[in-house]
Each structure stands twice: as structure tokens, then as C-alpha cells.
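*Asks:* Given these sequences and hints, build the entire structure.
Letter by letter, the chains look like this.
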Amino acid sequence: MNLTLQIFQFLLSGLTTGSTYALTAIGFSLIHNSTGIVNFAQGEFVMLGGMFMITFHSFLGLPMFPAFFLTVASVALVGLLLERFPLRRAKSKEILILVMITVGASIFIKGLVMILWGKNPMTLPPLSGEAPFIFLGAAIMPQSLWIFGITLTVVAALNHFFKGTFIGKAMRAVAASRRSAMLTGIPVDRMILLSFTLSGALGAVAGITLTPITTTSYDVGVMLGLKGFSAAILGGYGSMPGAVLGGLLLGALESLAAGLISSEYKDAIAFLILLLVLFFKPSGILGKGKLQRV
Amino acid sequence: MGKRNKTYLLIFALGIGLLPLVLTNSYHLMVLNIAALNIIVVIGLTLLLGYAGQISLGHASFFGMGAYLSAIFTTTYALPLWPTLILAMIVTGGIAYTIGIPTLKLEGHYLVMATLGFNVIIYIIMVQLDSVTGGPSGFAGIPRLAVGGWVFDSDVKVYYLLWLVSGGVLLLALNLVHSRAGRAMAALSHNEIAARCSGVDVEAFKIKIFVTSAVLASLAGSLYAHYLTFISPGSFSIFYSLQVVTMVLIGGLGSLWGAAFGALLLTVLPELLHAVKEYNVLVYGLILMAVLIFFPQGLSPGIAGLLARRKEGSLSAPRQGAP
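Sequence lines, in order, name chains A and B.
Note that the first sequence covers residues 1 to 294 in this note's numbering.
Note that the second sequence covers residues 1001 to 1323 in this note's numbering.
Source of the hints: derived by calculation from the structure; they are not laboratory data.
For clarity, every value in this text was computed on a predicted model and none was experimentally measured.
Treat the hints loosely; a few may be bogus.
Each computed DSS-like pair below joins lysine-lysine, with the alpha-carbon atoms no more than 27 Å apart [unchecked claim]: (1) B/Lys-1003 - B/Lys-1105; (2) B/Lys-1006 - B/Lys-1105; (3) A/Lys-266 - A/Lys-119; (4) A/Lys-281 - A/Lys-266; (5) A/Lys-93 - B/Lys-1105; (6) A/Lys-93 - A/Lys-169; (7) A/Lys-281 - B/Lys-1208; (8) B/Lys-1105 - A/Lys-281.
*Replies:* Structural data, given as C-alpha cells:
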């Protein structure tokens, strides 16, 4: 295999995982925009997506299609519960306290999954077929195409939701200014609840599509969450096109670095990118520089 | 330092000094020794969190750097023990300074992620660089702590040493927060802009506190390595970072005594609840969530507030916990 072809192959697999980072990053952005907090449990949503899918599809024997939707609904429910109980009940609404509550929630979910599903890594069969086909000399797994297709559909659907529907516009109003949104009669609490539910659903989709490629276990959430967060930062925190761009870019860079430099340091490289972006351009590629208000 | 703190410190010293007379089980002593080390880390973090208003989820990396630098310098390069401890603190402090300058400019939750990312990088290096660190199987054969020819070779001996050090660190920290610098830090955590307007060099203070807390973590890490004589990367993962932050939050933000209490409680508690072992992670998450939801000020001010309210029989506003 010559170098160009190798790079092409790395890029393809990088963009595949990058798509799931993008979905995770959008989840971060949704919650950030409605509440201003970083949801540490976002990675656990992705992990739960894999776990629920394994339960519904492999253990309970449901067909792929209903299992997929049942999983998305279940993780969305977890997102909803996270907002409805711990976060809304919190006595202090200070951002740092709320962020640390999501840290607590993420540890709790991890611990619960460890007890319920055990410690062994688990995997899912791919959505269709395992035989790769050759495209311009590089091997593509059918699962990669599923991931690209599903991510594209989700992004398009979200785009329509935010630009074309009443509720989507209300959510954008909340993101722009919570106070003004409340004054115009938008039920802000319900919009925040919806953003957590949607983030849960997005995490589930990422988890379901990623698991056949990477396998899953109770402790992968932190890493996946950090990757999604890095992607969001890289693209510009809070921006949806930024999240998609950041996810794809991070996936590609990580895969190239793993293939060409060292696979052991793959994750370290991803976080090095995160640190560099935070140091030199905290607003990300598509983010606007923010004025500090006094 | 106020009169109350002096009384507390005296009670604390007496209690700690007499405890080994009743507690002879070496396992119990080991748990308390680990608690003493955790207190050192947690005091640094309390200064950072409670007084500079900055959160770090990367302190396991500084703790680990202290441990690994100490282990490598004394074992691989046969450097003398105590200078090595200082050297490890200087190196860790230098690294903290370098990453602190850009990170501390970030807003609160960005800093959380930046420090977390840093912790993951250091952890991966510890695991992967096995020619230097011993890799996932760990680093063994680290020399014990010793002064002259006198070796701290039993848990009781180490107990007195570690608690002396952690008591000393507590004393220094108590003095620090009541000094001019401490008042500047308190102003900083209450309102950064107001502090800046009254002439506090906010950036410089944040960096100084961050480096101080990293150096304290490094000291604790070195002592840990020389006490157990064996270290492995598992002890320095982000779970430890989370544990120490939980200790600070449970003890009460901005209260040094509360933090020491939180560290002691959360080190001893899992050992007392042996049945909980399997549920360790779950229980940690639950405690962290519950405390933050119901007592955002931490347990010690929370409990003090409840008691005060009960005594007065009125619904007066809960008092701010004194440091």
C-alpha cells in the first residue's frame, strides 16, 4: 500500500469516528446554549446508547429497527431525568456547582452500568454486513456508510428543527437570551428539559453507531465525552456547524496521528489538540471571539 | 490566625498524636496515612477552589508527577531522597506554571476540561512510557523515607511523619488565608472585577495559587511513593482527581478545616463500608450529587447551619463557614 492510499484510508476511518464525535459535540452545544453549563454526562449518554442497544437487540432479540428507536428513547429519558431531578432540584444555580453535579451524575451512571451490565467489554453486530467494499483502492466498511448517512440525516433534521419549527425557534430564543425568551412567554424550563432530552437522543445515536466499530464497556463514557467536548471546542463551542466540523476534523487528525505517528498516544494527541485550541484560540474555528462583559 | 483556629489545631494535634495508642492495627494506620496525604492535596485544592474560585480536575497528574519523579530520581538515578522531593516539587511547579498561564485565562468550565485533558495526557504517558515509568505494571523498589540512617519502616513511624507534614501544611495554609495575600484571594473569589479594581493582580494570584496547589500535590505524591515503595498509573487517573475535588466540595468550599474533614471522611468512609466496595463508584457519584444538590456550601457549613438554626429556632440565613 502506498502512502497516499494509506492516508486516504486513515482519513476515511477518522471521518467515521469523527461523525460520532460530531453528534456528541452537538449534544454538548445544545445543553450549553440553553443553560450555559458543560454536561459531563454527555459521554455516558453515548456509552448508554451502546449498552441499551446491546440489551434490546442482542439480549432481548428485538430487530435492529425497533431496538434503535427504543434505545434512542431510553437514553433521551435518561437525559430528561438528569435535568428534571438533580439539576432542577439543585439549591445553588451557580454554573460550577451545576457542572460538578453532572460530573457526579456521570460517575453515578458509570457505577450503575458497571453493576447492571458488568465489566466486560461488549459489542454489537454492524447494522448491515461486514464485508468491506473497495472505493478508490481503500476499503470501506458498510458501517461507515451507515454512520455517515445517519449523521447527515440527524444534522439535517436538527437544522430543519431549529430553523423551521416553532419549538426549534423557541429553543434558539432561549439560547440567545433566557430573560427575553421568558418575557415573550416561552416556557424556558421546558426548553431546557428538551435540550437535555435531545442531547440524550443524540448521544444514543452516536453510541449505537459507534459500538460495532470500537466495542463498548462501562468506562468508555469519560473518554468519549472528552472527545466530543474537544470537538465542540475545536469547532467553536455552542455552534452547530462548528460541532460538526470540529468532530470530523478531530476524528481525521486523531486517525492520521495514530496511523502515521503512534497509535498508543492516539488519545493523548486528541487532548493535546484540545489544549492547544484552548490556549491559542479558545473560541474555536467557527466561534466568534467573545467580549467579556463587566 | 484566630483564637478558634489555635484551639482547633491543638485538639487536632492531640487527637492525632494519641490515636496510635488505641489504634494498633497496621491496616487502619495505613488508611489514616493515606488520609494525611489526601489532606495535603485537598488543602492545595481548597486554596485554588475556595479562594481563587478555580476548579481543577487535573490534580491527580501533579500528585502522580511527584510520585513518579521521586521514584525515577531516587531509584533509576540514585539521587538522595530529600533533595529529590524538593526537585520533584520544583519540576511539577514549573510544569504547572507553564500550563497554568494559558489555562487560567479560561472561564471556569473550560478550565475543568483543560485540566482534565491534561490529566489524561499525563496518565497515558505514565502507561505508555514503560522504559521510564514501568508502564501499566507499575514502578517498584522505591526507597523508604529516612532521615540520616533512621528509616521510617513501620506504619506508626510513617503515621507521625505524614500527619506532622499535613498538620504543618494546614498551619501554613491557615496563616496564608489570614494574610494580606489571603484577603486578596478571598476578594478574588467573591468578585474578580471588584478585586481587580482594588488593585489585586488577579492573573498573578491565580497562577501563584495554582502552582502552590500543584506543588503541594507533588509533595504528597512523593511521600506516597516513598511510603508505599510501589506506584502504578492507576492511582493517578482522573478518578483520583475527582475524588479530591469531591473531598473539597463535601468539606465545604473555602473552609480549610472543612476540607481536611472532607478528606478524612472520604478516605475512611469507603474502608468502613466494606460491603460497598463493589458500589464504590456508584456511591461516590451519589454522594457528590447529593451534597452538591442539597448542600452547595459543603457538608460542614451545611451541618453547622442546620445546628445553628435548630438552636435559634428561627429561619435565620445560614452563616458562611469561617475558614
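*Asks:* Of the numbered hints stated previously, which ones are contradicted by the structure, given in increasing order?
*Replies:* 1, 2
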